[in-house]
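J.: With the hints as a guide, bring the two chains together.
Heads up: the protein sequence lines correspond to chains A and B, in order.
Anchor point for the first sequence: position 188 equals 188 in UniProt numbering, and the numbering is continuous, going up by one each time.
Anchor point for the second sequence: position 185 equals 185 in UniProt numbering, and the numbering is continuous, going up by one each time.
FYI, nobody ran anything at the bench for these hints, they're computed from the structure.
Errors might be hidden in some of the hints.
[Claimed, not checked] Sample of chain A residues facing chain B (criterion: CB under 8 Å; computed from the structure):
hint, residue
1, Gly-78
2, Asp-83
3, Pro-98
4, Ile-101
5, Pro-110
6, Leu-114
7, Ser-117
8, Glu-118
9, Leu-153
10, Ala-326
11, Trp-327
Backbone N, C-alpha and C define an ideal beta-carbon position, used for all residues, glycine too.
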Amino acid sequence: MNETAAATASAAEDGEPDRDAPDAAGTAPVVVGEGVRKSYGEVDALDGVDIRVEPGEVFGLIGPNGAGKTTLVRALTGTTEADGDLRVFGVPPREVDPQRIGLLPQSFDPPERLTASELVDYYGGLYDASRDTASVLRDVGMADDADAWYESLSGGQQRRTCVATAIVNDPDLLFLDEPTTGIDPAGRRSIHRLIERLAGDGTTVFLTSHAMDEVERLADRVALLRDGAVVAVGAPDELIAAHGGDPGLAVTLDDPAAEADVEAIRETLRAERSGGSTGEPAAAGEDVPAVESTSEGLRIRGVRPEEIGDAVDALEAAGVAFESLAWSEPSLEDVYLRLTGEEYSPRTGDLGELASEGGDR
Amino acid sequence: MSRVGRIATEASAAARSFLRRRTAVFFTFFFPVILVMIFGALVQTQPTGGGLFAEPAGYYIPGYLAVVVLFTPLSRVGSEIARHRDGGRFEKLATTPLSRAEWLLAHTLVNVAIIGAASLLILGLVLAVTDAEPVVSPALAALPVFVAVAVALFCGLGALLGALADSQDGVIAASNTVALPLLFLSETFVSPELLPEWFLPAVAASPLTYFARGTRAIIHEPGPWLGDLAVLSALAVAFLALGAYAVPRTE
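So that you can see chain B by itself, here it is in the shape it has in the complex (with noise of 0.2 Å):
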């Protein structure tokens, strides 16, 4: 079996794995929904001033994918990763020819697919609920290329936590508290301008800044993107390498 043929069997296996559990699977999507309707519907925006949000609908899109791109990967394969390790099925695996690099690299393949499809869920409902209008140009073929990269970084982030912590529940608890940071400190909901200067360095720090620098320049400020599509790359592949070192093989 080549390493290709070996990747697409560990990822179908995983994601019907995922797919038959019908609870994990609604709240997968459920979670930016029940976002996308309390914010941008039932808080809405202030443009003028004021208020919670005090930017257009438009901007906070970034933010709303960043919420899937970020939570989603990380507890998914943090707890991947717990389970396997639980179940010794990375003992088994060890015995195989599938390498850890493999491993990882399929479960990232089926989190680009489940969030892709989350994301354009999130696109849709915010157009339906909110008055955001995303400028369309032929920038926008990259936006998918943004979340695929952003998805592939977080996996590996998700792979060192799940390595890292000793249960499932040590890795929800790691995973929430690198994201509600992230999450909020990184350009996404909260403008820079809104923060003290000292603490922007940190904000230049989190991978997440460059998705949503680079997503609000496709999709709401049209701008430069490149740049933070290059910085959101390299990130993404030192964190892939990262997170497959780190992926045990039974102890």
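If we strip away everything but chain A, and leave its shape as in the complex, we get (with noise of 0.2 Å):
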């Protein structure tokens, strides 16, 4: 880091405000961006945004399609030029040591008549060091398909070898730009146990994926980009405590198409929860289960683990025939959906309009 350490000290001689100053805990962030922006016409792929990754970190990026992230890993591998204050280590994309970097590419199609082991070969041969290529197609798990062709490699297996190809000269910040698009669980799997054992060696990791599940296991925080800006940033858990919204139970029905009596089973739950009886008017600031129909029956929401059989309770009071129930805590794709206006299809209330206006963006 002896780059980043002379970069900062040059910026607090210079008087200027220090950008890229260490933190509490004494380190100087890895990445940082500061209004970033970038037009192709008249469309703003990034609009002023901020951006600031600590070492050693895994900071996964989320949004929509179209809404800035391969762009601003563009911007941040100085692929592309952006305008607004970015630096990588300390110094502008474009200058930063090569040998410090690894990319793979959202759409990345190398060379398909050498072998995985001949690719591996190749991007490692472009570096001052590299790492050896039977232990980089080892830690992708692609060990027993080193002579294969890439062309006759599955998609998955293929985008295992971009992988390896990524982490080849052994970087200290690793962009991956949905790393596992097109891979089986399996693979999946091997590569979010590499994400974690290079992280675990100091590896920064800027993680971009539509895949919430893997997000939010894998990193240490999140920023969610939406029309070319950041909206929230932070660990999943804290942007599942502040946008997740409540647990909820998903009540799939009989006949979806049946109309249920969402004020009844409402009804119900409240009278449960607070000892008293259906009719009486709900208290100020009384947490009350909300009712809600989507396009496969009801969602209850606020419904606590032991209110579930209240809540079985209140459906067959209302005389609704239901198929299955299904209760789940808020995750990041909850967060995810609030946030990008992408919610679910509810057939009523103001979440439906929400989601009218998602569905036209």
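T.: In structure tokens, the structure reads:
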């Protein structure tokens, strides 16, 4: 990190605001972006993004298609020009020592008539120092297919080979733009273990993905990008607590088209919770479960696990015939859906309007 | 890894990738074969006057060589750039120590090797199926230099076309549009006497003219060729520099 330290010292001497200043733990950020903008014609791909990635952390970047994730990765890797202040290891992206950077582009199709082993050899051969090819292929679960031509590999194997080309130079900062797209669960698991191991060894990982469970599991912090701007950033648990909403009970009806008396169900649940009887008005500030119609049936939000029995009673009392119940805690996916306006599609209520807005976008 | 090491790595991967595309290899070498067979053996020359080819058979050797020296680098480098751009390979390479100039140099070396082999094949065929009698002299050693320099020149031009065209189809169309006029109006198959005088400055402006003149002075009508090689070399440096600048990073 000598270059980072030098850049920090230089900024301080100039009397400028020290954007690369170490945090309380004494470590300088690996990536700092302030007011990052990038336009393609009249479309603003990035609209004033502020971002900061600390050394050794797995930083997740999520957002809908077209939100600007790949553009931000390109700006940070210096493969596209962007306005604003961007620093990687304390210097502009194009001045970073390439030995310290690894990149898996979102759309990447390497020479198809080379074997997996030859591809790793090839990309490794471009660096001053590189890891042993066999060990890299072992890390991504491709040791058994090392001698197969890239074009003869399955989609998942191809993607894992591409991941191998991104880590062959043993980078300090690894950009993975949707690394597990098209990979089966076993392959995904091996990539997850690899990312965890790399992060454990001190590699900073910048991960973009549409797999929310993956980001929730791997990322120390997550930024949610929408329309080219960061709308939320924080640890997954913090984001879920702040934006994930209440636990919910999904009710799949025997006949999803049947009209259920949602008010009656809600009223029964409220009465059970307050220990009162139905018909009494809810007290001010009283925490009342919300009942919404969805495309498959009902969703009862704010139900605690011990209240599931009450919910069943309420459904039966309202004459609702249901096929199954599924209780779930809020997840990063709920945060994503709420903050991007891509909420599931209920048939009634305010959320229905929200879904329509998201669908038109 | 040194600059030489990076270029060797890129060239090795490019060569292996090409040699494993059997169709590409076959037609790269079949193209000049078919050309020599049609024009050298089938049509033949009629030096006594009339006919499509009025000069002695040896006169057309530079033309046959020019076909591969011109067409192959233009289409191969142009297509390679389109393929790299479409597959996100430049985006990946931009984060490695390999520079754009090194990339183009590596692919130029691969093309020099491929076209060198194709040129040998052409010379052998010409000797076998025509009555051409190449001049054997120490100057013959400069013939591979002419081929290599001309290939480098057209690799640079191919890089420019590849960067400007937005697809592989576009590269092929642009290559043919540029190459066909160059091929026939550069003292290769059509002698300057057959062209109107007002057009001769255009002939002099074609880089391929200096390849044809120089190689003809070596292999058919002994004469000075160093000047032609100097012009060709200067143009090669210029086109390689422009081509390297044009090689995209990602957008």
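J.: Does the CB of Ala-326 of chain A sit less than 8 Å away from some CB of chain B?
T.: Result: violated, 39 Å to nearest chain B Cβ.
J.: Can Ser-117 of chain A be said to touch chain B, with a Cβ gap under 8 Å?
T.: Violated - the Cβ of Ser-117 of chain A stays beyond 8 Å from chain B, reaching only about 12 Å at its closest.
J.: Take the shortest C-beta to C-beta distance between Trp-327 of chain A and chain B; is it under 8 Å?
T.: Nearest chain B Cβ about 42 Å off; hint violated.
J.: Does the closest beta carbon of chain B sit nearer than 8 Å to the beta carbon of Glu-118 of chain A?
T.: Given a least distance of 7 Å, the restraint on Glu-118 of chain A holds.
J.: For the hint on Leu-114 of chain A, does the least C-beta distance to chain B fall short of 8 Å?
T.: holds (6 Å)
J.: Regarding the hint that Gly-78 of chain A lies at the interface with chain B, is the smallest CB-CB distance below 8 Å?
T.: holds (7 Å)
J.: With a cut-off of 8 Å on the beta carbons, see whether Pro-98 of chain A makes it to chain B.
T.: Interface hint status for Pro-98 of chain A: holds (5 Å vs cutoff 8 Å).
J.: Verify the interface restraint on Asp-83 of chain A: the C-beta must sit less than 8 Å from at least one C-beta of chain B.
T.: violated (15 Å)
J.: Mind checking the CB of Leu-153 of chain A against every CB in chain B and telling me if the closest is under 8 Å?
T.: violated (15 Å)
J.: Under 8 Å, Cβ to Cβ, is where Pro-110 of chain A needs to be relative to chain B, so tell me if that hint holds or is violated.
T.: holds (6 Å)
J.: Verify the interface restraint on Ile-101 of chain A: the C-beta must sit less than 8 Å from at least one C-beta of chain B.
T.: holds (5 Å)
The structure does not agree with the numbered hints 2, 7, 9, 10 and 11 stated previously, though it agrees with the rest.
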